[in-house]
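Listed below, chain by chain, are the residues.
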Amino acid sequence: MTKTPIITARDVDVFYGQKQALDKINLEIPENKVTSLIGPSGCGKTTFLRCINRMNDLVDICRVEGEIKIADQDIYAANVDVVALRSQVGMVFQKPNPFPKSIFDNVAYGPRIHGLTSSKAEMEELVEWSLIKAGLWEEVKDRLQETGTGLSGGQQQRLCIARAIAVKPRVVLMDEPCSALDPIATAIIEELIDELRKNFTIIIVTHSMQQAARVSQRTAFFHMGNLVESGPTKTIFTSPKDERTQNYITGRIG
Amino acid sequence: MTSTNTSFLKGQAHLTKRHRAETRFQMMGRFAIALSLAFLIFMVGSIFWQGKSALQTHQIALKLDLSAKNVDPADIRSARFDAIIKAALRETFPDATKRAEKRKLYGLVSTDAGFELRNQIEEDPSILGGTQIIWVSASDDVDIFSKGQIDRHVPESDRRLDDQQIGWIDNLAENGAIKSVFNTKFFTNGDSREPELAGILSALVGSALSLSVCFLLSFPIGILSAVYLEEFAPKNRWSDIIEININNLAAVPSIVFGLLGLSIFLSTFGLPRSSPLVGGMVLSLMTLPTIIIASRASLRAVPPSIREAALGMGASPVQATFHHVAPLALPGMFTGAIVGMARALGDTAPLLMIGMVAFIVDVPKSFLEPATALPVQIFLWADAPERAFLEKTSAAIIVLLLFLVLMNIAAIILRKKYELRF
Numbered sequence: 001m002t003k004t005p006i007i008t009a010r011d012v013d014v015f016y017g018q019k020q021a022l023d024k025i026n027l028e029i030p031e032n033k034v035t036s037l038i039g040p041s042g043c044g045k046t047t048f049l050r051c052i053n054r055m056n057d058l059v060d061i062c063r064v065e066g067e068i069k070i071a072d073q074d075i076y077a078a079n080v081d082v083v084a085l086r087s088q089v090g091m092v093f094q095k096p097n098p099f100p101k102s103i104f105d106n107v108a109y110g111p112r113i114h115g116l117t118s119s120k121a122e123m124e125e126l127v128e129w130s131l132i133k134a135g136l137w138e139e140v141k142d143r144l145q146e147t148g149t150g151l152s153g154g155q156q157q158r159l160c161i162a163r164a165i166a167v168k169p170r171v172v173l174m175d176e177p178c179s180a181l182d183p184i185a186t187a188i189i190e191e192l193i194d195e196l197r198k199n200f201t202i203i204i205v206t207h208s209m210q211q212a213a214r215v216s217q218r219t220a221f222f223h224m225g226n227l228v229e230s231g232p233t234k235t236i237f238t239s240p241k242d243e244r245t246q247n248y249i250t251g252r253i254g
Numbered sequence: 001m002t003s004t005n006t007s008f009l010k011g012q013a014h015l016t017k018r019h020r021a022e023t024r025f026q027m028m029g030r031f032a033i034a035l036s037l038a039f040l041i042f043m044v045g046s047i048f049w050q051g052k053s054a055l056q057t058h059q060i061a062l063k064l065d066l067s068a069k070n071v072d073p074a075d076i077r078s079a080r081f082d083a084i085i086k087a088a089l090r091e092t093f094p095d096a097t098k099r100a101e102k103r104k105l106y107g108l109v110s111t112d113a114g115f116e117l118r119n120q121i122e123e124d125p126s127i128l129g130g131t132q133i134i135w136v137s138a139s140d141d142v143d144i145f146s147k148g149q150i151d152r153h154v155p156e157s158d159r160r161l162d163d164q165q166i167g168w169i170d171n172l173a174e175n176g177a178i179k180s181v182f183n184t185k186f187f188t189n190g191d192s193r194e195p196e197l198a199g200i201l202s203a204l205v206g207s208a209l210s211l212s213v214c215f216l217l218s219f220p221i222g223i224l225s226a227v228y229l230e231e232f233a234p235k236n237r238w239s240d241i242i243e244i245n246i247n248n249l250a251a252v253p254s255i256v257f258g259l260l261g262l263s264i265f266l267s268t269f270g271l272p273r274s275s276p277l278v279g280g281m282v283l284s285l286m287t288l289p290t291i292i293i294a295s296r297a298s299l300r301a302v303p304p305s306i307r308e309a310a311l312g313m314g315a316s317p318v319q320a321t322f323h324h325v326a327p328l329a330l331p332g333m334f335t336g337a338i339v340g341m342a343r344a345l346g347d348t349a350p351l352l353m354i355g356m357v358a359f360i361v362d363v364p365k366s367f368l369e370p371a372t373a374l375p376v377q378i379f380l381w382a383d384a385p386e387r388a389f390l391e392k393t394s395a396a397i398i399v400l401l402l403f404l405v406l407m408n409i410a411a412i413i414l415r416k417k418y419e420l421r422f
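Quick mapping for you: the protein sequence lines, in order, are chains B and Y.
In case it helps, the UniProt record's numbering puts the first sequence at residues 1 to 254.
In case it helps, the UniProt record's numbering puts the second sequence at residues 1 to 422.
Chain B extracted, bound-state conformation (with noise of 0.2 Å):
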């Protein structure tokens, strides 16, 4: 790695009640490149992308351990207030869930309460920039007044992804963003993930393999509360060096 990593993860453990979810995570991200978090279910890959941008915080039992960086900021620091953090890393959910407002208004949400623009000019701009930066400008550009919910899956997903951008964070979290969409929507969004990453360091959890291979630079497994194995996608893909990593992508365990 030849940049210093904007997210270090240092001995994270967090714990549900008694019940212990992840144990001494160690991981460095680097920015403006992708990296996906894999492994079977319940490895605890979306409790340490959630532990990023905590909005574990919300699970009552849910207590988190250790230490998370980001840009050199502890972001479980007293003085840490999560709302500016979330501002900084933003999040695209498993299933789309946008709000059921107009497009538009989805779009200008994030932005209007963080009082990013100071004109309605300003606003139509970002909102028109970030929905071409989710590519989806040109399907919505005359209807931005009609409800999001009444979109299409992979479009929803899209405008959740606007959403996210649309406050400029440094960080966009997604959690199995593809898997509730069809073959179709996914090929486009994953394009979209290799065009984001210009702008944004982008963490992806994702069940498939080959969506892990196709559009991460990195990728780090999970398994069981533990990070196995992390490091350059090629490499995790081809010489995994653990042989549970080598279980699983070869479909042995999972």
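One or more of the hints may lead you astray.
[Said to hold, decoys possible] Within a straight-line C-alpha distance of at most 30 Å, the following computed DSSO-like cross-link-like pairs (lysine-lysine) qualify:
#1 B:Lys141 <-> B:Lys101
#2 B:Lys234 <-> B:Lys95
#3 B:Lys168 <-> B:Lys33
#4 B:Lys168 <-> B:Lys120
#5 Y:Lys104 <-> B:Lys95
#6 B:Lys101 <-> Y:Lys417
#7 B:Lys133 <-> B:Lys234
#8 B:Lys234 <-> B:Lys69
#9 B:Lys141 <-> Y:Lys417
#10 B:Lys101 <-> Y:Lys416
#11 Y:Lys69 <-> Y:Lys98
#12 Y:Lys235 <-> B:Lys95
#13 B:Lys95 <-> Y:Lys416
#14 Y:Lys416 <-> B:Lys19
#15 Y:Lys52 <-> Y:Lys147
#16 Y:Lys417 <-> B:Lys120
#17 Y:Lys104 <-> Y:Lys52
#18 B:Lys19 <-> B:Lys95
Honestly, the hints are just simulated from the structure, not real lab data.
Since the model is a prediction, treat every value here as computed from it, not as a measurement.
Using the hints provided, position chain Y relative to the given structure of chain B.
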């Protein structure tokens, strides 16, 4: 499929049994619905049948001497209108000679007839200065006799009107001096001891004032409690205890809330007895649990993905709640509130405890004046001895039911209007 043994569809005997159970269950369901519908139709039908006659009332035409001798055009109010009417009655029916007979004769017209005459003259003074035919309200006995609710074939001692009075009424009817008109007094008057004067307005206004107090108190408090408990409060033993208590409060008999209001609002705080303010406060005690439970249920029905989406954008919990979750839950909250209010509109017991059972003639003009409410008015009239109050009771029930229907329609419209699909 004739032979069951060789068929690949095994277990046919069992299958027919299942089908029969299915049919049986559906039949029972249909029967239950038919039965409850029949009861409903019977109840509403009989109320309408009895109440519809209260919308009509009868008037009697009298030939009145309105010359300057009786009414001074310069000083109309000094005239003795009752005496003019009585004189006209005596003239029409000279056979009433004894005191008792005269009293029976005077009883043909309403005690309000003098005022009605005065009002007609004041409205149109040109009728003064000669003999005029004027219509005035009949008494309640004449009214219900004309509606056929007094049977002339029962023995004289068992009916409200004796043979002589019936003779007079028949005479008036033959001469076209009795007519049926729309009963406006029922909608413009307050309560009265005289059935022909009794109206529903004061009870209606009392109910409206109480309900507005109830809504203004219970809707914001209920919704904010629900939002806090559902979205912000930590889930621990205390919130469990609060939840159980709210659920139990919704099932507490309303008269208990009346007693609570009596001891706290009246005895401790010294608020005015019988007032819509206290009535509304007591009703809101009763409505609050309903609103809180309905609002929490509709908040819970909002998909968690909406909450996550907003929080993931960096919205604060308050922003996520009020920008996204609460608007989606609002239709459900409205429905809960209106259901609670409808229950409050129809409830009598708590109002009895705080003195809203008083005999109120005047229409209340403020939240602090003594008032009564629709269901209490129904209770009072149902208790009154006069035969004529029977139809009033039914008519008041119709008005109450009408308001309940209106509130439910409002609930449906609000729900349809604000319902968002997601």
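So which of those numbered hints doesn't the model satisfy?
-> 5 and 14
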